[in-house]
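Engineer: Work the whole structure out from these sequences, hints included.
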Amino acid sequence: MAAFSDKPEVFRTEISAFINTNCPAVLREMPADQREICWGGKRWTFTSDAQRDWLTACAAAGLTAPRWPEAYGGAALSREQEKVFREEMARAKAPSPLESFGLWMLGPALLAFGTEAQKTHFLPQITRGEIRWCQGYSEPGAGSDLAGVQTRAEDKGDHWLVNGSKIWTSYANHADWIFALVRTDREAPKHKGISFMLIDMESEGVSTKPIKLISGNSPFCETFFDNVKVPKSYGDDMSSIVGEQNRGWDVAKHLLTHERTMIGGGGSGAASGVLGGRSLGNFLSSLEDGVMADPVIRSDVMELEVDSLAMGMTLERYKDMAKTGGVGHASAMLKYYGTELNKRRYELLMSITGSEGVEWDGPHGTLAPEWLRTKANSIEGGTSEVMLDIISKRVLELPYK
Amino acid sequence: MTTLMLTEDETMLRDAARGFLDENAPVKNLRDNRDSGRAFDPGLWREMAQMGWAGVLVAEDAGGSGMGHRAAGILAEEMGLTLAASPFISSAVIAATALRGAATNRLSGIADGSLLYALAVDEGSKHNPQGTALQAEKSGNGFRLTGTKTFVADGGSANRVLVLARTAGAPGEADGLTLFDIDATRAGLTRQGKATVDSRDHAQLDFANVEATGDDVVGEVDGGMAAVTAALNAGQAAVSAELTGLCAGAFAMTTGYLKERKQFDTIIGTFQSLQHRAAHMWSEIEVTASAIANAGRVLDETPAESELAVSIAKARATKTAKLVVSEGVQMHGGIGMTDEFDMGFFMKRARVGAEWLGDYGFHAARVARARGF
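Same order as they appear, the protein sequences are chains A and B. Under our numbering, the residue at position 391 of the first sequence is numbered 391, and the numbers go up by one with no gaps. Under our numbering, the residue at position 131 of the second sequence is numbered 1131, and the numbers go up by one with no gaps.
To be clear, the hints were calculated from the coordinates, so they are not data collected in a lab. Quick reminder that beta carbons are idealized off the backbone N, C-alpha and C, glycines included. Among these hints, one or two may not hold up.
FRET-style restraints, in silico, Cβ to Cβ [as the list claims (entries may be wrong)]:
no., chain 1, residue 1, chain 2, residue 2, range
1, A, Arg394, B, Asp1222, 55 to 61 angstroms
2, A, Glu356, B, Gln1192, 54 to 60 angstroms
3, A, Lys7, B, Gly1169, 51 to 57 angstroms
4, B, Ala1304, A, Pro295, 47 to 53 angstroms
5, B, Gln1272, A, Thr47, 46 to 52 angstroms
6, A, Glu99, B, Pro1303, 37 to 43 angstroms
7, A, Asp294, B, Ser1326, 25 to 31 angstroms
8, B, Arg1369, A, Lys83, 25 to 31 angstroms
9, B, Ser1326, A, Pro399, 20 to 26 angstroms
10, A, Gly365, B, Pro1303, 39 to 45 angstroms
11, B, Thr1185, A, Asp289, 51 to 57 angstroms
Structural biologist: What follows is the structure, given as structure tokens:
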């Protein structure tokens, strides 16, 4: 485990040296649109030795989860240090060594609600990229009304018997484990009978079926639980439930806030995809002359640029607020605004690219599927309408009745 | 860059300003000003000056409080909240920035509130500094100024005028402009007050062979654009901040009304159609507030790069204010249309603020240029 200096300038030198020494040149020189995200997991096939080596080096230094404590596989960086780390990564054009739902979602949930044993067992498997997790929240009958989950876990003494199905489970067909909301008390009011359960996807009775989307891709699955036996414990002080039994809604809410801030982050336009990190202006100047002479397109682009830049500043301001006392329900605004902005951006990109943009395999690469994908932005993780409900009721305190 | 959140000092400044303005300059004061035909309350301005507001951008050794642009933005925002009328933006922000580095006695006059400045820059119905046609003809050792300036904020009550004039080149060219600092009572200068919807002081200034000397020139002869740019950026950021405060004021009235008004035996704030529109407005205001904070920070820390940040702020503030006051009237229903009710004041000031120092299109185009398209 690399220990980095607390002194800001020394830290920058050290972290920069780490990146330059350990991130293979082939990864750094790769054009943004050819980069492959490393998701990790038991069934992961590395796209190159370089990708594997970079993950190994980062994991050993705790840098796949830079903010997590060292005992759980992180590097215990401060927020300022993490910022420097990200800056130096960008400067060196180094790709992220690992992305996963474990890092984004389960990790933060375990850090907030897990027992010591759960943390020491599960978190390092995530930071090393050994176990790939998926999220089992929505059900066919529980979308916006997430607390209406019906997948049930019956108490069978030493294990839970789980039956039901989940939908929109991202990459469930590639995942090793799932963290799922299941009903452990059917008599209690709907928010009070849910538990947050960790289930091995290799358990007998678990099956998945990819859902083909309008984009032609299948990032989401249906996941079925047919008499799945889930042990009550995976070891000493290591329940299969995170947090208290029947209080899984608390964990879910905590994570949703997290997820919304993250999804909203797409709104500032630093996104990957067809723009590949370029500004919209940069992209436009790479196109044939004349497109921007259209006054309607030009006006729309200017407005989008103003809003995107202001959203970037808002994300920065909210990050600082989160650091000093939290943003609470106001995170719903980031999710609402960021996703609506991203949809606008892609509608506009489609307008700008015209008949070339509608080709599945045209000169703008994956623009068409990306555009279609953005339509889910304002649905997943809570619809725009749910976000507006949260703002009006929780932030503005407009009356229920 | 420093955080976009308010620092502890800034929070104290905001709270102090809010307390003072709530007590001494509620929206009713604007109504009283209008009904008595005055542009602002000189007593109120004296008190603002005593608190260091007039000298917010004047260094301490020149008699100011030297708090900076972010602080100026916070003050402007608080003034927007209650629509407090004062020469703050014209004098304390625009003139103080234009005259930075100039003779100290003028700056100290700005800081103590005794010098009231107006910036005379535009000549048509839209903001366009380089469109300046007003001629400053060389005459002996000095100049003679002839032409007309429109929409001069605080032009009727000012005792000094910063006027942008053409000493070379043709209208439309950025080069060949010169900024003059002259007494408002100088011979040949006539001022004609315009009754504008916001009940503030806006005037047309006619220059007929107004004499000026080399001492009246701010910056370089023919280099007036450079001399006025920093002042315009500062002014645009402050107007944006005022508009954002105005949004917060109008929005608070509106949500307050949604929580108490009953129709169909129901509080109308329970209606989802209104809730979602209110939540959307709040989101727009939050995003705009970030741009305002950012503009103030950039002006303080890297002023040479402030144009993009300022234009994002002005474009956002203009658009958001338009939305919030329109929705404000609509959600109040009929009462929102009455003169007796204050919402109309917010709508009228928002419209004037939208035009002052560049409308949405002016600033969005500047953002586009800065971003490479």
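Engineer: Run every hint past the structure and note whether it holds.
Structural biologist: Going through the hints against the structure:
Hint check: A:Arg394 to B:Asp1222, Cβ distance near 58 angstroms, so the stated range 55 to 61 angstroms holds. For the pair A:Glu356 and B:Gln1192, the beta carbons lie near 56 angstroms from each other, so the given range of 54 to 60 angstroms is met. Between A:Lys7 and B:Gly1169 the Cβ separation comes to about 54 angstroms, which falls inside the hinted range of 51 to 57 angstroms. Checked against the given bound of 47 to 53 angstroms, the beta carbons of B:Ala1304 and A:Pro295, roughly 32 angstroms apart, lie outside it.
The beta-carbon spacing between B:Gln1272 and A:Thr47, approximately 47 angstroms, falls within the hinted interval of 46 to 52 angstroms. Separation of A:Glu99 from B:Pro1303 is about 39 angstroms and conforms to the stated range, judged on CB atoms against 37 to 43 angstroms. The hint said 25 to 31 angstroms for the Cβ distance between A:Asp294 and B:Ser1326, and at roughly 28 angstroms that hint holds. In this structure the supplied range 25 to 31 angstroms holds for B:Arg1369 paired with A:Lys83, their Cβ-Cβ distance being about 30 angstroms.
For B:Ser1326 and A:Pro399, the hinted distance range of 20 to 26 angstroms is satisfied, since their beta carbons lie about 23 angstroms from each other. Under the hint 39 to 45 angstroms, the C-beta atoms of A:Gly365 and B:Pro1303, about 41 angstroms apart, fit the expected range. The given range of 51 to 57 angstroms is respected by B:Thr1185 and A:Asp289, whose C-beta atoms sit roughly 54 angstroms from each other.
Hint 4 alone, counting from the list given before, is not met by this structure.
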